[in-house]
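Engineer: As a plain string of letters, each chain reads:
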Amino acid sequence: MEKQETQAEHTSHSYSIYVLVWLGLLTLTALTTVVAGINFGALTIAIALLIASTKSYLVLTVFMHLRIEQRAFKIFVFVAMFFLIISFVLLFSDYSFLQGFIK
Amino acid sequence: MSTQEQAVVHVQRDDLRTRMGMWLFLFTELLLFGGLFFAYSVYRYLYASDFALAGKEMHVIIGAMNTAILLTSSMTMALSITAMERGNKRLSILYQLTTITFGLLFLVNKYIEWSAEISAGNYPGSTELAAKSHGQIIFYGLYYVMTGLHALHVIVGMTIIAVMCAFTIKDVITKDNYVKLEAAGLYWHLVDIIWIFLFPLFYLIN
Chain P
1 MEKQETQAEH
11 TSHSYSIYVL
21 VWLGLLTLTA
31 LTTVVAGINF
41 GALTIAIALL
51 IASTKSYLVL
61 TVFMHLRIEQ
71 RAFKIFVFVA
81 MFFLIISFVL
91 LFSDYSFLQG
101 FIK
Chain C
1 MSTQEQAVVH
11 VQRDDLRTRM
21 GMWLFLFTEL
31 LLFGGLFFAY
41 SVYRYLYASD
51 FALAGKEMHV
61 IIGAMNTAIL
71 LTSSMTMALS
81 ITAMERGNKR
91 LSILYQLTTI
101 TFGLLFLVNK
111 YIEWSAEISA
121 GNYPGSTELA
131 AKSHGQIIFY
141 GLYYVMTGLH
151 ALHVIVGMTI
161 IAVMCAFTIK
171 DVITKDNYVK
181 LEAAGLYWHL
191 VDIIWIFLFP
201 LFYLIN
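Chains P and C are the protein sequences, given in the same order.
Sequential numbering from 1 applies to the first sequence in my numbering.
Sequential numbering from 1 applies to the second sequence in my numbering.
I should point out that these hints are in silico values taken from the structure, not numbers from a laboratory.
Small disclaimer: the values here were computed from a predicted structure and weren't measured.
Check before you lean on any hint, since a few could be wrong.
Claimed, not checked - Derived DEER-like restraints, expressed as beta-carbon distance ranges:
| hint | chain 1 | residue 1 | chain 2 | residue 2 | range |
| --- | --- | --- | --- | --- | --- |
| 1 | C | Arg17 | P | Phe40 | 42 to 48 Å |
| 2 | C | Asn177 | P | Ser96 | 49 to 55 Å |
| 3 | C | Tyr123 | P | Tyr15 | 40 to 46 Å |
Claimed, not checked - Below are the DMTMM-like pairs computed for lysine to aspartate or glutamate, each with C-alpha atoms no more than 25 Å apart in a straight line:
| hint | chain 1 | residue 1 | chain 2 | residue 2 |
| --- | --- | --- | --- | --- |
| 4 | C | Lys56 | C | Glu113 |
| 5 | C | Lys132 | C | Glu117 |
| 6 | C | Lys180 | C | Asp15 |
| 7 | P | Lys74 | C | Asp14 |
| 8 | C | Lys56 | C | Glu117 |
| 9 | C | Lys180 | P | Glu69 |
| 10 | C | Lys89 | C | Glu29 |
| 11 | C | Lys175 | C | Glu113 |
| 12 | C | Lys132 | C | Asp50 |
| 13 | C | Lys110 | C | Glu128 |
| 14 | C | Lys132 | C | Glu57 |
| 15 | C | Lys89 | C | Asp15 |
| 16 | C | Lys89 | C | Asp176 |
| 17 | C | Lys110 | C | Glu29 |
| 18 | P | Lys74 | C | Glu29 |
| 19 | C | Lys175 | P | Glu69 |
| 20 | P | Lys74 | C | Asp15 |
| 21 | C | Lys175 | C | Asp15 |
| 22 | C | Lys89 | P | Glu69 |
| 23 | P | Lys74 | C | Glu57 |
| 24 | C | Lys180 | C | Glu29 |
Heads up, the beta-carbon is just placed ideally off N, CA and C, and yes, glycines get one too.
Chain C on its own, in the form it takes in the complex (with noise of 0.2 Å):
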C-alpha cells in the first residue's frame, strides 16, 4: 500500500467516524423528543375525549402546508450533497440556500399559526384556556412544549446549514471532503422525521 493510499484510507475512516457520531447525537434527540412523545401518549390515553376536542381547533391546513415545506426541503437538502458529490458547487449553494428559504418558509407559517392560536386565548394562562376541561389545557401545554421545541431545532437547523453554505463558498467543504454537509443533512432530515410524527398527533385527531 502506498502513502497515498494509507492517507486516502485514513480519509475515509475519519467521515465514518464524523457520521457515526452524528447518527450517535441525532439518537439523544431522539431521547429528548422522545420523552415529550412518551408524555403525549399516556396524556391521550387518559384525556381522549378532550385531546379529540382540543385537536380540533389546530389549523390542519397550516399543518399540512408546513408538512410539505419541511419534506420538500429535506429533499432540497439532499440534493445539495448529490451535487456537491459531482463537484457541481453552484448547484450545491443553490439547494441549501433553498433548503433554508423552506426553513424561514416553515416559521413564518408557524408565527402565523401560532399568533391564530394566542389570539383565540389558546395559550397557558389565559382565562379562555383556563376554562376549558384540564385534558384540553394539557393538549395545549404540550403542544405549545412540542412544536416549539421543534421550531427551535428548525432554527438550529437554518443557523447549521447557512455556516454549510459559507464554507462550500470558501471551499472548505469541496468535492472530496463534504462530510460537513452530510452531517448538516442528517440533523436536518432528523427534525422532518420530528415533524411527521408530531404533524398528525397533534392536527389529525378526530
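Next up, chain P with everything else stripped away, as it sits in the complex (with noise of 0.2 Å):
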C-alpha cells in the first residue's frame, strides 16, 4: 500500500512534460540571445537576468523534481535562493554606499 502511494509520486513525470520544457528552455535561449542584440539601456541586465531565472525555475521544478518533492525540499532551496539573494542586495547596497564617499 504505502510502496503504492510513494512510486505513484515518483512516476508522475512523463516523457512528454521534460520535451515541453526543453522546447520552452530552447524557445528561452533564442529569446535571450535575440533580445542582447537590442539596446535596452539599463534594463538589457535585469531582461537577462529575468529570463536566466525563468529557465532555472523550469529545470528546478521540473528536470530536479522539485515540483513533486516533498515540502521540506522546497523550504530548503527557498531559504538557500533567499540568502544569496540577500546576499547580492546587501552587497551593492554597500558598494552604492561606498561609491557615494569616493566621489
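Assembling the complex is the task here: the two chains are given apart, and the hints tell you how they should meet.
Structural biologist: Quick look at the structure:
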C-alpha cells in the first residue's frame, strides 16, 4: 500500500513534460540571444537575468523534480536562494554607499 | 504494519535522505559559484564599459550552441530517470550515454572557443591582453576561471554519469532502487543551471 503510494508520487513525470520544458528552454535561449542585440539600456541586464531565472525555475521544478518533492525540499531551496539574493542586495547597497563617499 | 511494509518505509526514508544530502551538497556548490558571481557583479559594476568592450569579442554562436547542448543533455538525463522508473533499463542506458555524449560535445565546443581566444592573444599573461584596459583584463580573468570551473564540473558530471551507467548495466541501479541515478541527475542539472547564468553574463553583453 505504502509502496504503491510512493511509487505513484515518483512516476508523476511523463516523458512528454520533459520534451515540452526542453522546447520552452530552447525558446527562452533564442529569446535571450535575440533580445541581447537590442539596446534597452539599464534594462538589458535585468531582462537577461529574468530570462535566466525563468529557465532555472523550469529546470529546478521539472527536471530536478522539486515540483513533486516533499515540502521540506522546497523550503530548503527557498532559504538557500533567499540568502544568496540577500547577499547580493547587501553587497550592492554597500558598494553604492561607498561609491558616494569616493565621489 | 507487517515487516515487509516496515522494510519498504525504511527504504523510502533512505532515498529521501540521499536526495536531501545531494541537495545540501548542491547548496555548497551554490556558495562556490556564488562567490565568483559576486566578484563578477562588482567588477562589472565598476568597469561597465570595459566589460561591454571585452564581451563583444566573445563567440556568441558557440555560447548559444553550448547552451542548447547542455539543456538537451539535461532533458536526456531526466528522461533516463523516467525510463528507469518504468523499468526500461536499455532505454535508460541509452539516455545516459546520450547525456555523456552531449557533455563531450560541450567540451569540444569549449576547446574550440578557448583555442580561438588564446590564438587571439586573449589569455592571462599575454602581451596583447596586458595592453588592454584593467577592466578587460579582469573580464578575461573571470571568464577563464568561471567557465573553466564550470567545464571541470561538466567533466566530473560526465564521470559520475558513466559510473551510473555501469551501475545500471550491473543492476546496482534498478527499477526499485534508482536514487543514485536521481542524485547524479541533480548534479548534472545544477551544472546546467550555472551555465544558464554564465551564458548571458559573459556572451551577451553589449
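Engineer: Now tell me if each hint is right for this structure.
Structural biologist: Okay, the hints, checked on the actual structure:
1. C:Arg17 with P:Phe40: 42 to 48 Å: 46 Å, holds
2. C:Asn177 with P:Ser96: 49 to 55 Å: Hint holds: Cβ distance 52 Å, inside 49 to 55 Å.
3. C:Tyr123 with P:Tyr15: 40 to 46 Å: 43 Å, holds
4. C:Lys56 with C:Glu113: 14 Å, holds
5. C:Lys132 with C:Glu117: 14 Å, holds
6. C:Lys180 with C:Asp15: 9 Å, holds
7. P:Lys74 with C:Asp14: 18 Å, holds
8. C:Lys56 with C:Glu117: Roughly 12 Å between the alpha carbons, so the hint for lysine 56 of chain C and glutamate 117 of chain C holds.
9. C:Lys180 with P:Glu69: Status holds; Cα separation ~16 Å.
10. C:Lys89 with C:Glu29: 31 Å, violated
11. C:Lys175 with C:Glu113: Answer violated: lysine 175 of chain C to glutamate 113 of chain C is near 40 Å, above 25 Å.
12. C:Lys132 with C:Asp50: Measuring from Cα to Cα gives roughly 9 Å; hence the hint holds.
13. C:Lys110 with C:Glu128: 21 Å, holds
14. C:Lys132 with C:Glu57: 13 Å, holds
15. C:Lys89 with C:Asp15: Holds, at roughly 20 Å.
16. C:Lys89 with C:Asp176: Between lysine 89 of chain C and aspartate 176 of chain C the Cα gap is close to 12 Å, so the pair holds against 25 Å.
17. C:Lys110 with C:Glu29: Satisfied, since the Cα-Cα distance of roughly 21 Å is no more than 25 Å.
18. P:Lys74 with C:Glu29: Distance of about 17 Å is within 25 Å: holds.
19. C:Lys175 with P:Glu69: 19 Å, holds
20. P:Lys74 with C:Asp15: 17 Å, holds
21. C:Lys175 with C:Asp15: The hint holds at about 13 Å.
22. C:Lys89 with P:Glu69: Measuring from Cα to Cα gives roughly 24 Å; hence the hint holds.
23. P:Lys74 with C:Glu57: 40 Å, violated
24. C:Lys180 with C:Glu29: 19 Å, holds
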